[in-house]
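Okay, here's what each chain looks like letter by letter:
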Amino acid sequence: MEFREHTLANGLSIVAECNDEAHTTALGFFVQTGARDETESDAGVSHFLEHMMFKGTPTRTAEDVNREFDDMGAHYNAFTSEEHTVYYAAVLPEFQRAAVELWADVLRPSLRDEDFTTEKQVIIEEIKMYEDQPPYLADDKCRALHYGGHPLSHSVLGTVESIAALPVEAMRKYFERRYSPGNIALVGTGRVDFDGLVTAAEQICGAWKPVEAGRSAPPAPRAKSFHPVYKETSTLEYVLQFSNAPGATDEDRYAAKVLATVLGDDSGSRLYWALVDEGLAEQASLGHQDYQGAGLFMTYMACDPVLAQANLERIAELFAQVQREGITDAELAQAKSKINSRVVLASERPRGRLFNVGGNWIQRREYRTVRDDLERIDRLTRNDLMDVLARYPLSENTTLAIGPAQNLKAPG
Amino acid sequence: MKQSILSHTFASGLVLLAEPMMSLESAAFTFLLPAGCALDPLDYAGLAEVTCELTLRGSGNRDSRQFIEELERLGVEHGQSVSTTHTSYSGAMLSRNLLPTLDVYADLLRRARFPKDQMEPARQVVLQELAAIEDEPGQKLMQELRKHHYPDPWGRTSHGTEAGLKKLSLTQIREHYARNYQPNGTILGVAGNFDWEVLKAHVSALFDDWKPHESQSIVAGGLPPRRAHIPHESNQTQIGIAFDSLAYNHPDYFQAWGAVGVLSGGMSSRLFTEVREKRGLCYSVHATMHSLRDRGSVLCYAGTSSARAQETLDVTLAELVRIAKGVRPDELTRLKARIKSSLIMQQESSISRSSSIARDLYYLDRVRTLDEISQLVDGLSCESINNYLAANPPREFTIVTLGPMPLEVHLGVS
Chain V
1 MEFREHTLAN
11 GLSIVAECND
21 EAHTTALGFF
31 VQTGARDETE
41 SDAGVSHFLE
51 HMMFKGTPTR
61 TAEDVNREFD
71 DMGAHYNAFT
81 SEEHTVYYAA
91 VLPEFQRAAV
101 ELWADVLRPS
111 LRDEDFTTEK
121 QVIIEEIKMY
131 EDQPPYLADD
141 KCRALHYGGH
151 PLSHSVLGTV
161 ESIAALPVEA
171 MRKYFERRYS
181 PGNIALVGTG
191 RVDFDGLVTA
201 AEQICGAWKP
211 VEAGRSAPPA
221 PRAKSFHPVY
231 KETSTLEYVL
241 QFSNAPGATD
251 EDRYAAKVLA
261 TVLGDDSGSR
271 LYWALVDEGL
281 AEQASLGHQD
291 YQGAGLFMTY
301 MACDPVLAQA
311 NLERIAELFA
321 QVQREGITDA
331 ELAQAKSKIN
341 SRVVLASERP
351 RGRLFNVGGN
361 WIQRREYRTV
371 RDDLERIDRL
381 TRNDLMDVLA
391 RYPLSENTTL
401 AIGPAQNLKA
411 PG
Chain P
1 MKQSILSHTF
11 ASGLVLLAEP
21 MMSLESAAFT
31 FLLPAGCALD
41 PLDYAGLAEV
51 TCELTLRGSG
61 NRDSRQFIEE
71 LERLGVEHGQ
81 SVSTTHTSYS
91 GAMLSRNLLP
101 TLDVYADLLR
111 RARFPKDQME
121 PARQVVLQEL
131 AAIEDEPGQK
141 LMQELRKHHY
151 PDPWGRTSHG
161 TEAGLKKLSL
171 TQIREHYARN
181 YQPNGTILGV
191 AGNFDWEVLK
201 AHVSALFDDW
211 KPHESQSIVA
221 GGLPPRRAHI
231 PHESNQTQIG
241 IAFDSLAYNH
251 PDYFQAWGAV
261 GVLSGGMSSR
271 LFTEVREKRG
281 LCYSVHATMH
291 SLRDRGSVLC
301 YAGTSSARAQ
311 ETLDVTLAEL
321 VRIAKGVRPD
331 ELTRLKARIK
341 SSLIMQQESS
351 ISRSSSIARD
361 LYYLDRVRTL
371 DEISQLVDGL
381 SCESINNYLA
391 ANPPREFTIV
401 TLGPMPLEVH
411 LGVS
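Going down the list, the protein sequences come from chains V and P. For the record, in the first sequence the residue sitting at position 410 is 410 according to the working numbering, with numbers rising by one throughout. For the record, in the second sequence the residue sitting at position 76 is 76 according to the working numbering, with numbers rising by one throughout.
Derived by calculation from the structure, the hints in this document are not laboratory data. Just so you know, not all the hints are guaranteed correct.
[What the hints assert, rightly or not] Computed list of chain V residues with no C-beta within reach of chain P, every gap over 12 Å:
(1) E101
(2) P135
(3) D139
(4) K141
(5) H150
(6) P210
(7) P350
(8) F355
(9) R364
(10) R376
(11) R382
(12) Y392
[To be verified] Using 25 Å as the maximum straight-line C-alpha spacing, the simulated SDA-like pairs for lysine to any residue come out as follows:
(13) K224/V to Q406/V
(14) K120/V to K340/P
(15) K120/V to T159/V
(16) K128/V to K336/P
(17) K336/P to E101/V
(18) K340/P to E63/V
(19) K120/V to Q310/P
(20) K120/V to F272/P
(21) K340/P to S347/V
(22) K257/V to S395/V
Every value quoted in this text rests on a predicted model; they were computed, and no experiment measured them. The beta carbon of each residue, even a glycine, is placed where N, CA and C say it ideally should be.
Next comes chain V alone, as it looks inside the complex (with noise of 0.2 Å):
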């Protein structure tokens, strides 16, 4: 295993894990651009500009594009968070050249009129289809709530309304600005040629032109409120609640997951036993995601509606215990020998380390092994999980519920 690293003229870094023993390559393109950096006025643009880029170049058709995967076995897509769009392949090793040649023509799109038009129908049905889903796009309303006018209360998705109303024109500009060379990683992991990944990156990538794509990374501001949402055609009753917590940079970062594991695990965590295995909730988690500049915990709760209240209330009073009294050894253990096997488990794919030491790099401009991290989560102790609580209380959320109960009110 060798890590490799090298950075073009233009701003553009490369780097790869190089596993000689892998049977496969995965390649990907990691892009430092999401909602976060969009206005009102083009609002959910880097998500629908991630499917235009599937669309076509000067030298290829849409079809030549998908065709063009699919003749290498390929295994590809692309996604759009608050703040990375990442477009990936996974390949046998014999493809990485065409690979890379064809990414990176991909990432130069024409963004042809009568494509957008078309795609925009695509767009529109997949924020509908979220829509007819629990919890009913109740994230994206959570998330505005909590963040106010923070640049991480924009939508990835964006509203029915914002996409039909996005010029082309915008997107454009939004291209411009955001998909310079110094904004974007090439990631390789498992069976790597590095000399042969710069080489390709040179020659196809190096004309790029750079410009300044800076983002601002406000501190969250502090948030607490409740917000109850009738639904009358829902089954059941979908609870979230988004607090602050450690962000990208944050030396707590690992403490705030291992937080989380031991409060909101799928299995074998404090909510589990109080909500899952009860037979009171269909689901109750609890997960910490990391922003430039910010984090936030999640918890998530589905229920039969006529339990939503005194669910509410439990959850409320396990937070509470928790800030009083702490977690046992057994459950920072427990979390621990979890999150190992975890993290080995999912590294024994190249697809699986790829987001991790894409992630790494074009969050902090570094690189760790997967031994680096299991070190150190297992130095963490209960004192440096408390410490996190001490900073970020779980009481002080926005909660969101939506549903058929009627009445519900803040716990406590």
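Chain P: place on chain V using the hints.
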């Protein structure tokens, strides 16, 4: 692709299959038990699912909390599910923890405690999961499609019915467990890093004295109606289409599979290109092979705004009918490239191999190595697929929709 499959059949009928993947640090297992929801009495639909839920709530000398804590101490990523034919338990972990994990599962499979105080919570878990499906229109539609395409019990879903779940008793659950959690028909698939002789001896010690029973036979009912609309207040209409195809053990299975791959494998496939890329009709459209032991089908899904649902159904059906005219050489070449890389990628995952080999044994009575699959795929030609399609064009569609308004079925002469 070098690959060996080790196997041993114990006197009880339990079959152990194992695939060494020595470059991995992990190991994974899959137990398939002949305890599927097809055995549920009609009035007590949900029996197998609640039984499975209850097995997690105490076995051997562990109560429900100790069971979960032990798995987490061993770092086991675990899951369980109930299909029409099987209840399955699977897990992946660091290889050094494989044998202690099998100890835990031997207790679960042979010495579940079924404590009285866990019955209500287990029932509530399944009732809430059943209710949750009402909020997932796409999932609900595909469940309804299977119910309308297969004779009962083959189209069932494991969560049963609210009435059935509410009536179930602990006595019935204990009986179901005693009768169907048994070695005759049970398959244990293991893949990853392990020592075969040690594994075999360990499994033997855990299961040698497990008493087998006759397996229960299942009589299928008549065919349900092939058209249905389920009214649902939503933005989108969900469309499901099914037609008969071949079971996994049929000699021509790969011909049928190849045709479905051209319809719906990769973003250059016909359905994705015609329905989504060219017309922008929907976000999600796909078709897959669905196999039971003695029959198989193609199940197709599309979800779209109600105003465009009729066009989506028309275009999708037209593509299904058009495939009978044949596939092109370039389409087959891409399909082969995709499957070649998929087969190699499978070699990186112990969990995917442990479940594949266990399922192969059930469907085929033997395991197909990745090499053999690779040869079968290499052997496909446009001529062979097109001969199959000419003799077996997609027809007699089962069509189920879920949404505000029913749709019309326009089937031209094909």
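Those earlier numbered hints the structure runs against, lowest number first
Checked against the structure, the hints that fail are numbers 2, 7, 14, 16, while the rest are satisfied.
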